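Please take these sequences and the hints and turn them into a complete structure.
Protein chains in written order, with our numbering: chain Y, 6 to 107; chain H, 2 to 808; chain B, 125 to 456.
These aren't lab readings, by the way, just hints derived from the structure by calculation. All figures in this text were calculated on a predicted structure; none of them were measured in a lab. Mixed in with the good hints there might be a few duds.
As the list claims (entries may be wrong) - Listed next, the in silico EDC-like pairs over lysine to aspartate or glutamate satisfying Cα-Cα at most 20 Å (straight line):
hint, chain 1, residue 1, chain 2, residue 2
1, H, 158, B, 432
2, H, 782, Y, 73
3, H, 158, B, 289
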Amino acid sequence: MSDEHRDGEHPTVGTYVRVALVLSVVTALEVGVIYVRQLAPIIVPLLLAMSAAKFALVALFFMHLRYDSRVLTLLFAGPLVLASGLAVALTTLTGAFLVFGR
Amino acid sequence: MSADSSGRVLHAPPSALAGAETSATVLGWLTTVDHKRIGILYGVTGFAFFLLGGLEALLIRLQLAVPNNTVVSAQAYNALFTMHGTTMIFLAIMPFNAMFFNYMVPLLIGARDVAFPRLNALSFWIFLAGGLLLNASLLAGTPPDIGWFGYANLTSKHYAPGLGVDFWILSLQILGVSSVIAAINFIVTILNMRAPGMTMMRMPVFVWMTLVVQFLIALAFPPITVGLIYLMFDRFFGTHFYDVAAGADLHLWQHLFWIFGHPEVYILILPAFGIVSEVLPTFARKPLFGAPIVIYSGVLIGFFGFGVWSHHMFATGMGPVADSAFSIATMLIAIPTGVKIFNWVATLWGGSIRPTSAFHFAVGLVGLFTIGGLSGVMHASPPVDLQQTDSYFVVAHLHYVLIGGSLFGLFAGIYYWWPKMTGRLLGEGLGRLNFWMLFAGFNLAFFPQHYLGAIGMPRRIYTYPPDLGWNAANFASTIGAFGIGVAVLIFMVNAWRSLRRGAPAPADPWDGRTLEWRTSSPPPAHDFDAIPPVSGRDSFWREKHGPRRGAAAGVGPAEHDATVHLPAASHWPLMVGLGMLIAAVGALTHVSLVVLGILWTICAIFRLALEHHRTPEHADQTGGLGLDHRKMAMWVFLGSECFFFGTLVATYLAYKGRSVVGPEPHQILNIPITTLSTFDLLMSSLLMVLALAAVQRGDHRQARLWLFGTALFGLVFLGFQAYEFTEFVHRGFTLQQNLFGSTFFVLTGLHGTHVAIGVLWLLSLWVLALRGRLGVADAVKVEIAGLYWHFVDVVWIAIFTLVYLIP
Amino acid sequence: MRSARRTVRGALGSTLVLGGCAWDAPMSTLVPRSDFARDILHVYGIITWVAVGIALVVGLALAWVLVRFRDRPGAPRLPAQTRGHSLLEISWTIAPALVLLAIAIPTIQVIFRTQAAPPRDALEITVRGHQWWWEFQYPALQVVTANELHVPAGRPVALTLQGPDVIHSFWVPQLGGKRDVVPGRLNRLTFTAETPGEYRGQCAEFCGVSHAHMGMRVIVDAPDAFAQWVAAQKAELAEPAGLAAEGKAIFARSACVGCHTIRGVSSGALGPDLTTFGSRRTLAAGILPISVDSVTAWLKNPPALKPDAKMPALGLTDEQARAVATYLIGLK
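Take a look at the structure:
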C-alpha cells in the first residue's frame, strides 16, 4: 500500500515561501509581545502558543508530514507528546512550579 | 537446501556455524552483517559477561554467608555489587535479548535480514566496546563502586575522586548508543519488512514484544544519556548539575535515572514474555489464549511504563501528592501484567502438553514471575515500600522478576530455538536437570531474602553483625547462589555436548506454529528459499494442520525468488566501534586519544555511509508500508531526539531561578541578536526544502546552490552562537559560573553541536553534488538530511521561546 | 474498621507465630512500636494477604493444568484450538482492578495521614546524616548528641532530616518506615513511639565505603526518664581524675579538638559531639558496644574498624589510648 503522498498533493515553491514568511512574522511578533506590558499576565501561554504554531508549520510543511503517510506522523507525534508530558512532569516534580512536592 | 513434502531437510546437517554468506574465518565474523551471525555474536559475548557477572554474585554471596566476614573488603564489595548489577543488566540480559531479536525477528516476519544490516553490525561492535571498557576498569584497578544506579552526589568528583565513575559513565553512554541504533533498526524492520499478508495483528507475539521494547529503548535512553552528560560535565568541566551548594536538586539525577530505569525493566522482561508466548502454545499444541489482549497489554505496559518511575523514590520525600500519583499509576500497570499470566495459564488449559525443557523454563517464568510481580505490587504502596525499599525485600523482588522472569524466559528461548540456530538438539535429560537445578538454587537463594528484608536487613552492606537474626537466611541464600552456578555449568555441558555430537535437528523439531520452522536448521544465508505465504496468525500451523483451502497443501517451497541480494560484508562497523573505544579511552587518559578517536570515528562513519552510495540494489529501499526505510528510520530517530531535547529543556526550566550567584538570564541574554540568528535558522529551513525540490526534479545547479546556501546559513547561526558564547565568557558568565551557566551552555551547546553535525552533513551532500554524484535516485538521502535539519530548527524554536523570551 | 484492623493483625500475628521463623528480630519491620509503624503494618497486612492469596490461586491453577492436560498416548492428536473467551478475559481484567482498589484506598489514606504536618506539641529534632554517623540536635532543648537518639514515649516526635554530605536514609524499622536524608532538601518524619525500650536503626541508602557501619540506637524513654536524660545532657561535666584526667589532657592537646566538641573542652564540628559519650551504649554509629577495650581499639585505628573512616589513626600509644578511652567513658 503505497502511501507516499496523500491526495497526490505536493507543495509548491510558493507554498514554502509563504510558510517561511509566516514563520518570520510570528517570530517578529513573539519578540514584540514581550515588550508589551499589557500582555504580561498572559505572556507565557501566548508565547507557548506562538512557538507551537511555528513548530507545527515546520513539521507539517517543511518536514512534509501534511503530505506524507500517517505512519510517519504517528511515529513522531507519539514520542513528541510523551516527551512533552514527561518534561512537564519532571519540571513539576522538581518544584519548578511549586505545585506539588515538598 | 530444499525440503521434501514432509518438511525434512534432505542434506546432511550442516555444522553449527554454517548458513552465512561469509566464510567461517575470524575476518568473516569481524565483517559479518548477517543477522544470524550477529545474533550469535551477541549471544556468545553476552554469555561471557553473564559468567563474569555470576562470578561477582558468588563473591558477594560468599562475603555475606556469615556475619562479620572478611572474604572481600568493603571497597571491593561495593565494586562487586556495582559491577554485578551493571553487567547483568547491560552486558548479559540485554545482549541475550538482542541475540533473539537479531536471529529470530527477521525469520518470524518472513524477511531475509533487518532493514540496515551494517548498522546492525555496528550496534554489536559498539556494544562490545562498551562492555570491554566497563570491565577494563577492573584491570585498571579502579572499578566503579557507587552502585549500578550511581546516585548523585556520591558520584561527584569530591566523593568519588577515582576513575571508576568515569569508566562507568563512558561505558553506559557507549552502550546506550548501541541500543538506540539497534532499536531504530528493528522498528523499521518490523514495520516495513513483513512478508506479504502479515498484518500487524498477525505478527507473532515475540515480534510485538520486540517492537514495544525497541520503542522503549529509543525513548528511554535519551534521558539517562542526558543525566550522564550532566554527571560527566560536573566531573570533567566543573558544571553544577548535581552541586547542592550551587542550588542543584539531587532528585534530578534520580528522576532522570528512573525515567530511564523503569522502562528499562520492561525492556528486560518483555522479550521473555514474548518467548513464553511462543513456547507455551507450541508445547500445548493450541494457540495463545487471547493473543490480541496479550499484545495490547504489552503495548499498554510499555506506554504506561513511562509514567511510574518515581515509585523508586517513595522514600526520598517527594510529598504525598506525588507519592499517591505514582502509587496509583504503578498499581494500574499491574493489571495488564497480571492479565498475561492468566492468558498463559488459559493457553495450557485444555491443551495437549509435551513437557520439553523449553516448556519447563517457560512454566517456571509463569510461576516465578507471579511471585516477583506480587512483591512488586507490595512495593507499589508507599507506606509499605517505606519499610521494604532499600532492604533485601527489594533484592528478592528484583531477582524474582529478572532471574525468575527474564532468565528463565531466555533459557526457554535458548532451548526452544537452539535447534534452529545450531542445527542440533540440546539434550532433554540434561535440560530438565538444568531446569530443576536452576529452579531449586534460585528459590533457595532468593526466597529467604524476602524474610531478610522483612526483618530489616538493608541493601548494599558488605557485612552485618551476628545479633540481628540475619545469619541463617544469609547462609541459605549463599548455598542457593552456588546452586545457580551449578545449573549454569549443567547448561554449558549440555551446550557443549550438543555442538560436538548432538542429534541433528530437522527444520521443524517441535511442530511449531511460526515461520522460522519453515526453513532449514540452521537457515541458509538467505533465510528462506522463497518468502513464505502468510494467511493468518500462526500461519505455518495453518499450513500444516488447518483446513485445506485449495492452496498448496503440506510444506513445500513456493516459487523460488530468482534473485536475492545478500548484504555484503563490511569492516566499517568494526572501525566505527573501534574509534569510539579509542575516544573513550582517551577521555580517561589523554586528550590526544580523544581527538584521534573522534577523527577515526568520523572517517569511519563517512566510509560506512558512502560504501554503497553507488550500489544499484541500495537505491530503492521501499518497504511494505510504502515508505523508504531510511525515511522511517529518521523519523524514529527524531522521536528519540524529542526525549533528548525534552530532558535538556525540562532541566533548564526546573533549575530556572535556583542559581545561588548571578548572572540571571534577563541580565545577560541578548534578545535582539538571538532574534537575528533565529530568523537565520528559519530561513535555512526554507533553503533546505528548495534544495530537496531541486534534487527531486534533477536540477543539479539549483541543488548545489541551495545545499550550499543551507549549510552557509547554518554556519552563520553557529557564528552567532560563537559570538554569543565569547561575549558571555568575557563578561564572566561561564559554564562553571552558576547553575544557569551549566544548564544554558549545555542545552544550547548540544543544540549547536547538532547544527554543526548538520552543516557537516549538508556540506558532504554538497560535495557529492559538485562531483555529479547526487542524482534523482539520491533524493531520499537529501530528504532525510532535510528532516534532521528542520528538526534542529524546530528545537531552536522551542529553545528561543523557553530560554530567551519567557521571563 | 478497628475490629477489621484487629482481625487482620491477629491473623497476621498468628501466622507469624505459626510461621516458625523469628519475626521479632531487632530490626524487624513487622513489630510496630509507634503509630507510624502501626499504620504501615495495617496496609502491609492487607497487601500481604492479597498477594499470598493470588499467588496460591495462580500456583494451584498452574499446577493443576500441568497435571490434567499432559499429552497422553491415545489422546486426540490436536486439542481444541480455542483462541480466547471475551467474558473470561474481561472478568480477569476487572477482578485485579477491584483488588487493587482495595489496596489503593488504605494506601492513600495512610500516605496522607503519616505525612501530615506534625502537631504543635511535637518534639522537634534535627537529624543530620554524615558519612558515616548520625548527629541529633534538639533545638528547643539545646541538646546535641550523636548516634544514639532519645525520644519520649507517647509524645509526637518531628524529625527534620538534613544532609551535609551525601544522600543517606534514616531507618528504624520498629518505629516506622524510612526517609532519605537529601543534601539541599529538608525531609520530615513524624512518629509517636509507644513502648519504652532500645531500638536499632541503620542507614538505608548506599552512602559510600562504610555504609554498612552507619547504624544507630533509638532509646524510647518514659517521660520522666526522658527528662532525666535531657538534664544529664546539659549538666556540668564532672572533673575527671586519675587515668581519665590524663586522658583529658591528651585529648585537649591532640588533633581531637579539631573535630569533636566536648562542652568546656573543645568545639570541633566535623565529628560526633562527645560531651556525653559515656552515657551511650555503642560507639562509632552502633558498630561496637562501649567498653574501655572497644574504645581503645577504636582510638588506635579507626579505619581498621570502619573502612575509610574520616577519623584517622592519631598515632596514640596503647597507654595513651586507654587513658583517653577512660576519659571518654567517664563523660556522662
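Cross-check of the supplied hints:
1. 158(H) - 432(B): holds, 17 Å
2. 782(H) - 73(Y): Within the cut-off at roughly 16 Å; holds.
3. 158(H) - 289(B): holds, 13 Å
Going through the hint list in order, the structure satisfies each hint without exception.
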